[in-house]
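Listed in order, the protein sequences are those of chains A and B. For reference, each letter of the first sequence is one residue, going 57 to 167 in the working numbering. For reference, each letter of the second sequence is one residue, going 177 to 291 in the working numbering.
FYI, nobody ran anything at the bench for these hints, they're computed from the structure. Just so you know, these numbers come straight off a predicted model, no measurement behind them. Cβ atoms here follow ideal geometry from the backbone N, Cα and C, with glycine treated the same way. There's no promise every hint is true.
To be verified - To be clear about the criterion: a stretch of chain B counts as covered by chain A if any three or more of its residues have a C-beta under 8 Å from a C-beta of chain A, and this derived list gives those stretches: (1) 192 to 202; (2) 229 to 235; (3) 241 to 253; (4) 271 to 278.
Stated by the list, open to error - Just the calculated beta-carbon pair ranges, DEER-fashion: (5) B:Y277 <-> A:S140: 25 to 33 Å; (6) B:G234 <-> A:S116: 24 to 32 Å; (7) B:S203 <-> A:V139: 30 to 38 Å; (8) A:N124 <-> B:I276: 41 to 49 Å.
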Amino acid sequence: AQSVAQPEDQVKVAEGNPLTVKCTYSVSGNPYLFWYVQYPNRGLQFLLKYITGDNLVKGSYGFEAEFNKSQTSFHLKKPSALVSDSALYFCAVLNTDKLIFGTGTRLQVFP
Amino acid sequence: ETGVTQSPTHLIKTRGQQVTLRCSSQSGHNTVSWYQQALGQGPQFIFQYYREEENGRGNFPPRFSGLQFPNYSSELNVNALELDDSALYLCASSAGLAGIYNEQFFGPGTRLTVL
Chain A
57 AQSVAQPEDQ VKVAEGNPLT VKCTYSVSGN PYLFWYVQYP NRGLQFLLKY
107 ITGDNLVKGS YGFEAEFNKS QTSFHLKKPS ALVSDSALYF CAVLNTDKLI
157 FGTGTRLQVF P
Chain B
177 ETGVTQSPTH LIKTRGQQVT LRCSSQSGHN TVSWYQQALG QGPQFIFQYY
227 REEENGRGNF PPRFSGLQFP NYSSELNVNA LELDDSALYL CASSAGLAGI
277 YNEQFFGPGT RLTVL
């Protein structure tokens with residue numbers, strides 16, 4: 057069965073510092089991986105996806121993610137965090153035509 | 177271009193009651209998926225509707241049912257509400273069956289509280 061795991065419930069980082077939100081996956085076949093962000097009282101917003109090709113995927117709002125097949129990971133990164141990046145982040149894997157989400161990581165960026 | 181909208185925003189019901197949640201898909205999208213997000217959890221797939229037919233269902237009991245209308249808007253119905261049904265219900269639309277090239281766009285959700 058397809059699944060993703062987000063090992064950290066919460067990540068705290070100072071504004072201006074690099075941030076990493078971790079995700080590992082378990083899939084049979086080719087992994088199609090996604091990152092979404094959820095702000096309070098808002099729906100999920102798409103950040104980026106990995107289908108194939110370059111292991112470094114660039115997405116919205118300056119975020120990027122690195123696909124690592126040997127470590128079965130798809131970590132979300134940003135070189136310089138902003139306070140406005142504080143939100144709930146979900147990693148997901150596509151299973152046929154539905155998304156399987158992780159439990160989420162709350163990112164807190166403090167000034 | 178209008179995004180995905182959901183109504184109502186919030187809803188409070190009591191155990192045993194029935195509820196209907198509504199979703200209007202983004203313009204040009206013919207597929208709607210419903211997800212349940214319990215507090216502190218990631219969204220879980222309920223089912224997907226494609227061209228007015230159910231196309232795929234997650235691990236939810238039959239008291240969760242849905243409809244899709246000719247204009248591709250959708251309803252989620254839940255009968256015999258239980259306390260554990262309290263959650264944020266998310267609707268997502270896509271241009272075709274959700275997949276690697278048909279990205280899902282999510283609405284803001286309906287917060288259902290069952291007392």
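query = Can the suggested window of 25 to 33 Å be confirmed for the beta-carbon pair B:Y277 and A:S140?
reply = holds, 30 Å
query = Do three or more residues of the region 271 to 278 of chain B come closer than 8 Å to chain A, measuring C-beta to C-beta?
reply = n = 4 at 8 Å, threshold three: holds.
request  = Go ahead and decide if the range 24 to 32 Å is satisfied by the Cβ distance of B:G234 to A:S116.
outcome  = holds, 27 Å
task = Could you say whether the range 30 to 38 Å given as a hint is met by the Cβ separation of B:S203 and A:V139?
result = holds, 34 Å
query = Do three or more residues of the region 229 to 235 of chain B come closer than 8 Å to chain A, measuring C-beta to C-beta?
reply = Three-residue rule met by the region 229 to 235 of chain B, so holds; n is 3.
query = Does 41 to 49 Å hold as the CB distance between A:N124 and B:I276, or does it fail?
reply = violated, 19 Å
ask   = For the region 241 to 253 of chain B, does the count of residues with a C-beta closer than 8 Å to a C-beta of chain A reach 3?
value = Not satisfied, violated; 0 residues make the cut.
message = Quick check: do three or more residues in the region 192 to 202 of chain B have a beta carbon closer than 8 Å to a beta carbon of chain A?
response = Since 0 is below three, the answer is violated.
Against the hints set out earlier in the document, violations occur for numbers 1, 3 and 8.
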